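Given the sequences, and given the hints that come with them, work out the whole structure.
Just so you know, the sequences run in chain order A and B.
Positions 507 to 916 (the numbering used here) are the ones given, in order, by the first sequence.
Positions 507 to 916 (the numbering used here) are the ones given, in order, by the second sequence.
Hints in this document: simulated from the structure, not taken from any laboratory.
None of these values were measured; they are calculated from a predicted model.
For every residue, glycine included, the Cβ atom is placed at its ideal position computed from N, Cα and C.
Honestly, I wouldn't trust all of these hints.
Said to hold, decoys possible - Here are a few chain B residues that face chain A, going by a calculated C-beta distance under 7 Å: (1) Asp676; (2) Phe708; (3) Leu727.
Unchecked claim - Where chain B lies over chain A, by a calculated footprint (3+ residues, C-beta under 8 Å): (4) 822 to 835; (5) 906 to 914.
2 protein chains.
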Amino acid sequence: MKLKGFQKLTPVDEALQRFFAAVDFKPSKKVAVHVNSALNRILAENINAQTDVPRFNRSAVDGYAIKAKETIGATQFKPRVFHLTSDSYLDNASAKQVWTGNMLPQGADAVVMLEETRLGADEVEVWTQIASGDNVSKKGEELRKGDVAVEESTRLKPQHLGLIATLGIDKVTVYDKPGIGVLATGNELVELGNKPRQTQIFESNRIVLSMLCSELGGEPLDLGIARDDVDDIAERLKLGLARSDFIITSGGTSVGGLDLVPEVVNKVAKPGIIVHGIALRPGMPTALAASEGKPILILPGNPVAAIVGFEVFARPLICKMLGMKRVEPRLSLQAKMTRRVATALGRKNFVRVHVFRRYGQLLAEPVSARGSGLISTMTKANGYVIVPENREGLEEEELISVQLFDIVED
Amino acid sequence: MKLKGFQKLTPVDEALQRFFAAVDFKPSKKVAVHVNSALNRILAENINAQTDVPRFNRSAVDGYAIKAKETIGATQFKPRVFHLTSDSYLDNASAKQVWTGNMLPQGADAVVMLEETRLGADEVEVWTQIASGDNVSKKGEELRKGDVAVEESTRLKPQHLGLIATLGIDKVTVYDKPGIGVLATGNELVELGNKPRQTQIFESNRIVLSMLCSELGGEPLDLGIARDDVDDIAERLKLGLARSDFIITSGGTSVGGLDLVPEVVNKVAKPGIIVHGIALRPGMPTALAASEGKPILILPGNPVAAIVGFEVFARPLICKMLGMKRVEPRLSLQAKMTRRVATALGRKNFVRVHVFRRYGQLLAEPVSARGSGLISTMTKANGYVIVPENREGLEEEELISVQLFDIVED
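Here's what the structure looks like:
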């Protein structure tokens, strides 16, 4: 039997570079969606203010619009009295009642709050001295006509949609969701809902990978479970290539005789495999490929290695396909290691940690060094630390940067 | 004219307590959903392992299953030779080929990796000494039968769904999404897609509040825009009360004569208003009410105050309605203030900041002290600092805790 061990492991950065070079990043398609359906989509245009915002000088409170200089010296004991008017033009002696959001009458430059006044029959007493501009939202204060309100490539959060609605814009152009085919391979795998034979296990990587795609803004397409069979794998890959922009597989990629995926990819795809065997832990048997510019990410079946491979290779790729200018970072924070962890020199290591607070300090407890393949280590952890190739581990009490994938309890 | 100023502002903690006391938290309804649709839902049951995971001793690599003690002293120069077998029972002199995930034959207690062997005709040379348990995923190593795999009240992330799928579970029970009616009020407001008259503005709070509800896991219901009219407000409130579990309104809640919402709420709801006027900045005119145990949150029209009021009052309420055991925290991190900010003594202040990295340090730049009502301050900021009632501000260079609502660029 011929051994198919990896002669040489490719460093992560070099692997990424070669992968991206083989991918044909077509300009992402753009689609118009209503602001109500745009949450978390990636904006594909600059949103410009079509008018000043506010469009007019507006009262920021309920009260009386006046000329500020006429209040000089006013106190509760020595109020200034203004004549009430409903005109849209104000002279020095007049005040006009306004509610929050109302346009200021011409001639007014400030609003005195209701609480600082007393209303008479056709006049109002003002009890305080105010300055020009007090309690007024000035025309163009928020945005000037032509200003960029929200920049292209922004992930639209509620506050962005609020600002866009303020501008009167009800449809926005966003980048289309890349279609991502997700395939699992392996004779040992059984579909959820079926009964496993004694030596079979339930397939779980497709759901994890599909949900990770969805969270980022991709549209996963389920390519099912392929048997360890050249034709079955080839057929599903071809279907995926025809229907999606990117394919992720899991399983069938280490050095064993049944590890068929890279072999089949080389048959159905040109140029096929670009890198196989990466200086990454877990995730060493990951392979990167392309089919006429479409990326194919071949992940190990080990569920933790599959997630790490996704983080390293799929995340930046999907961000780029989504039209983002940078890889969207996971939230990172600094924490102190509770104990030493050994890692492999010459590999980029992903160490899972559980970050928690104790006495106001953030601590990171490594989750189970043994059993790298256990998906439960990913549910016990809430983040990972990336240990670079030139380190052999992390020290106890070392301050490290954790990338979070779940919440940190208060 | 009678002034309706706030006699006394209620501290936030007291307001929350009184609000929660007036709400009848019925046990949240539970619904069964397929794991494929369960992302970000809140688990309403403990997920227990029905069997040991793995269910059997499994090879973690591709190689040969053997008895570890038979490899003592083996090296590349002095290999141990094993007879190849395909039996499901192994004697001391035999080895059986296994692929990753395969069940170990009886009698085997370790697997030697393919790379450490050389295959002959009907035998295999083993080049290294291994220990019992090496390269084996032991039965029950991940979970023992009966163990809690995922705890009730967990927000289901991809890794939780992966673990659940591993257990062969395809349906999970989650808490039903609370229905949340969202109403805006104000004569000055115009619906997106319409043309504003000169003094009108586009309504934008409903979209922000609805999206904040969706992000947490609620199901928003649009109650539209009510005119400043008792009947119009009352009708929409009644509709909302009939159809949703919680109502959020914005606008019409300060001390002005047209601020009708609290008045109408007192007409249509029992007990009606519980607290009006809160020691919160922005957000002082917020009111809290209940209608036969259903909560009503009455937010100011000021878009920033509305968001702050949502954070303070709606977030903990929705978390509780969703069956969560704690208020889900926003991600918080420590940063250094770039400059001094003054805040109001006796109020809980929400100071918007933009957190960024400079020379490896996290800095927090306050966003526009002036113009608290500007929604664009929420898009320029990516987090807020909560300044407690007994402080008059934050100092330059002070290390503060920021609650994040958007990403921090690397």
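Against the structure, the hints come out as follows:
no., hint, result
1, Asp676, "4 Å, holds"
2, Phe708, "5 Å, holds"
3, Leu727, "13 Å, violated"
4, 822 to 835, "holds (count 3)"
5, 906 to 914, "holds (count 5)"
Violation of the numbered hints given earlier is confined to hint 3; every other hint is satisfied by the structure.
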